[in-house]
Amino acid sequence: MTKLFPNQKPDETVLCIIRKHWFAYIPHLLLGFLVMAGLVSLLFGFYWYFTDFSSLTVAASAVFTSMILLAALFLMLYGLVDHYLDILVITDEKLIDIKQNGLFGQEINEIHLLDIENISVKLNGVLGVYLKFGSLEIRTGTEHEDFTIDMIPKAAKTARYVMELHTKYLKEQEQKISIEDVIDSPNNKLPDLSEKKLAKSRKRISI
Amino acid sequence: MIYLIVAYLIFIAVYALLSSIGLYYLRAAGRGNKFSKRVILFYKILSAIIIMATFAVVIFENL
Chain A
1 MTKLFPNQKP DETVLCIIRK HWFAYIPHLL LGFLVMAGLV SLLFGFYWYF TDFSSLTVAA
61 SAVFTSMILL AALFLMLYGL VDHYLDILVI TDEKLIDIKQ NGLFGQEINE IHLLDIENIS
121 VKLNGVLGVY LKFGSLEIRT GTEHEDFTID MIPKAAKTAR YVMELHTKYL KEQEQKISIE
181 DVIDSPNNKL PDLSEKKLAK SRKRISI
Chain B
1 MIYLIVAYLI FIAVYALLSS IGLYYLRAAG RGNKFSKRVI LFYKILSAII IMATFAVVIF
61 ENL
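Same order as they appear, the protein sequences are chains A and B.
All the letters of the first sequence, read from the start, carry residue numbers 1 to 207 under the numbering used here.
All the letters of the second sequence, read from the start, carry residue numbers 1 to 63 under the numbering used here.
Heads up, some of the hints might be wrong.
27 Å max Cα-Cα, derived BS3-like pairs, lysine-lysine [stated by the list, open to error]:
hint, chain 1, residue 1, chain 2, residue 2
1, A, K132, A, K99
2, A, K154, A, K122
3, A, K122, A, K20
4, A, K132, B, K44
5, A, K20, B, K37
6, A, K154, B, K34
7, B, K37, A, K154
8, B, K44, A, K99
9, A, K99, A, K20
10, A, K176, A, K154
11, A, K168, A, K9
12, A, K168, A, K122
13, A, K99, A, K122
14, A, K99, B, K37
15, B, K34, B, K44
16, A, K168, A, K157
17, B, K44, A, K9
18, A, K122, A, K132
19, A, K99, A, K9
20, A, K99, A, K154
21, A, K20, B, K44
22, A, K157, A, K122
23, B, K34, A, K20
24, A, K176, A, K9
25, A, K132, A, K168
If you're looking for bench data, these hints aren't it; they were derived computationally from the structure.
Construct the complete structure from the given sequences, taking the supplied hints into account.
Below is the structure:
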C-alpha cells in the first residue's frame with residue numbers, strides 16, 4: 001500500500017481526500033492568458049511599427065514568441081501542480097492538510113480528531129456563497145496553532161462531516177476506556193453505556 | 001543566428017526539465033486518473049506544436 005502522507009499508520013483508513021475548489025486555480029489560468037494576450041499585443045505593435053523585416057528579425061521574433069508562449073504554458077502547469085497537490089486528507093483518526101509550495105516545497109500539518117474543539121466555516125463573498133466554497137477554521141484545545149484551510153468545496157458539509165467523525169471517534173474512545181476499566185476491575189462487570197455514564201467519561205477525557 | 005538557436009535550445013532544455021518535474025508530480029497526485037492523463041497529454045502536444053512551429057519558421061527563413 002502506498003502512503004498518502006508520511007505519518008500514515010498501516011491500520012489507518014483514509015476516508016476522503018478533498019482538493020481545493022476549482023475556482024482557486026482561476027488566478028493562475030488568468031495570469032497565463034494575460035501573458036499570452038500581452039505577447040499578442042506586443043507582436044501586433046511590432047509588426048505595425050516595423051515594415052521591413054530581415055530573416056534574422058523574423059527568426060528572432062519567432063523564437064521570442066515561442067519562449068513567451070512556453071513560459072506562459074509552464075506558468076499554468078506550475079499553478080495546476082500548486083492547486084492539485086494541495087489536499088486535505090481525512091482519516092478515521094486525524095486530519096492532514098498538505099500544502100504544496102511551488103515545485104519543491106511541501107508543508108504538512110496534522111491534527112488529531114480528539115484535539116478538535118470547534119470548526120467554523122467562512123464563505124468568501126458572493127462567489128463563495130454561490131459556488132459553495134469557503135475556509136475552515138479548526139480550533140484545537142492543545143498548544144498547537146489553529147488550523148485554517150482555504151477554498152474548500154462544500155465547506156459547511158465538510159465541517160459537519162468532520163464534527164460527526166470527531167463525535168464518533170470520541171464515543172469509540174470512551175467505550176474503549178469503559179471496557180478497559182471493567183477488565184481491570186475485580187468483578188468484571190460489563191460497562192453501562194447509558195448517557196449518564198458517557199457524559200461522565202466525556203468529562204474525564206476533557207480533563 | 002547560431003547564438004539564437006543555441007539560446008533557444010538551452011531554454012528548451014530548462015523548460016523540459018522543469019515541465020517533466022511538474023508533470024511527474026501531477027501524474028503521482030492524480031494516480032493515473034483521466035484528468036491528469038488528459039492534462040499531461042494536452043501539455044505535451046501543445047509544447048511540441050509550439051517548439052516545432054518555431055523551428056519550422058527559423059529553418060524556413062534561412063533556406
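Status of each hint after checking the structure:
no.	hint	verdict
1	A:K132 <-> A:K99	holds, 21 Å
2	A:K154 <-> A:K122	holds, 11 Å
3	A:K122 <-> A:K20	holds, 14 Å
4	A:K132 <-> B:K44	violated, 33 Å
5	A:K20 <-> B:K37	holds, 19 Å
6	A:K154 <-> B:K34	holds, 23 Å
7	B:K37 <-> A:K154	holds, 26 Å
8	B:K44 <-> A:K99	holds, 26 Å
9	A:K99 <-> A:K20	holds, 11 Å
10	A:K176 <-> A:K154	violated, 33 Å
11	A:K168 <-> A:K9	holds, 20 Å
12	A:K168 <-> A:K122	holds, 24 Å
13	A:K99 <-> A:K122	holds, 19 Å
14	A:K99 <-> B:K37	holds, 22 Å
15	B:K34 <-> B:K44	holds, 15 Å
16	A:K168 <-> A:K157	holds, 16 Å
17	B:K44 <-> A:K9	violated, 37 Å
18	A:K122 <-> A:K132	holds, 10 Å
19	A:K99 <-> A:K9	holds, 20 Å
20	A:K99 <-> A:K154	holds, 19 Å
21	A:K20 <-> B:K44	holds, 25 Å
22	A:K157 <-> A:K122	holds, 12 Å
23	B:K34 <-> A:K20	holds, 18 Å
24	A:K176 <-> A:K9	holds, 20 Å
25	A:K132 <-> A:K168	holds, 26 Å
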